[in-house]
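**Q** Sequence:
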Amino acid sequence: MAGSYEKRKPFKGKKFHKDLREFKSQEIKRSLVHRARLRKNYFKLIEDEKESEIPGQEKVQQDEQVESNDENSDGGDDEVPKGRSRTALPPQKAPPPPPKRKPLNFTERAKLAKQRKEQQREEKLQKVQERRQMLEKRNKQREIQKERLSQRTKSGQPVMGPKISNLLDKIRQNN
Numbered sequence: 001m002a003g004s005y006e007k008r009k010p011f012k013g014k015k016f017h018k019d020l021r022e023f024k025s026q027e028i029k030r031s032l033v034h035r036a037r038l039r040k041n042y043f044k045l046i047e048d049e050k051e052s053e054i055p056g057q058e059k060v061q062q063d064e065q066v067e068s069n070d071e072n073s074d075g076g077d078d079e080v081p082k083g084r085s086r087t088a089l090p091p092q093k094a095p096p097p098p099p100k101r102k103p104l105n106f107t108e109r110a111k112l113a114k115q116r117k118e119q120q121r122e123e124k125l126q127k128v129q130e131r132r133q134m135l136e137k138r139n140k141q142r143e144i145q146k147e148r149l150s151q152r153t154k155s156g157q158p159v160m161g162p163k164i165s166n167l168l169d170k171i172r173q174n175n
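Here the sequence shown is numbered in the UniProt record's numbering, starting from 1 and rising by one per residue.
Simulated from the structure, these hints should not be mistaken for laboratory data. Accuracy of the hints is not assured; some may be wrong.
[Unchecked claim] In silico BS3-like links for lysine-lysine, alpha-carbon gap of 27 Å or less:
1) Lys-24 / Lys-114
2) Lys-100 / Lys-50
3) Lys-124 / Lys-114
4) Lys-29 / Lys-163
5) Lys-44 / Lys-100
6) Lys-102 / Lys-44
7) Lys-137 / Lys-163
8) Lys-114 / Lys-29
9) Lys-100 / Lys-114
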């Protein structure tokens with residue numbers, strides 16, 4: 001029986017170190033893949049920005065030429081182009097897409113991360129302080145309650161008034 005027990009529960013010492021090494025290597029691989037993915041996405045963004053700048057400028061120039069042609073046309077006032085009326089405002093372009101945020105470089109990202117960590121640390125510290133204050137307040141209330149409930153008369157009998165008021169307070173809190 002002792003032999004079967006050993007088969008079920010092998011010595012974990014060597015496996016533990018091996019798992020730590022494997023875990024560390026997996027963690028390093030994950031970080032490398034993550035960085036590579038970030039780089040790839042960054043370069044894609046840069047290429048997209050370059051491509052979007054060039055066609056956008058050509059569109060603006062074409063729109064300006066169309067508007068100038070409409071103004072220069074010598075037609076009667078009765079003539080109105082099919083798509084546009086003369087009294088209407090110049091054609092409104094689609095609202096420009098929100099400007100793409102410039103990808104942050106490493107130092108800016110590091111600063112942001114540092115600020116976030118600092119803010120989280122301060123929030124955590126504040127929560128801990130609030131919790132400590134609440135615990136201290138509860139402990140003081142418990143001590144006061146304990147003193148009231150443990151009061152005795154001159155003859156050594158317990159005073160019932162505080163005990164009854166305590167029970168009434170509990171009933172009020174539940175309702």
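**Q** Determine for every hint whether it applies to the structure shown.
**A** Tested hints:
no. : hint              : result
1   : Lys-24 / Lys-114  : holds, 24 Å
2   : Lys-100 / Lys-50  : holds, 12 Å
3   : Lys-124 / Lys-114 : holds, 15 Å
4   : Lys-29 / Lys-163  : violated, 65 Å
5   : Lys-44 / Lys-100  : holds, 13 Å
6   : Lys-102 / Lys-44  : holds, 13 Å
7   : Lys-137 / Lys-163 : holds, 21 Å
8   : Lys-114 / Lys-29  : holds, 24 Å
9   : Lys-100 / Lys-114 : holds, 24 Å
Hint check: a violation occurs at hint 4 only; the rest are consistent with the structure.
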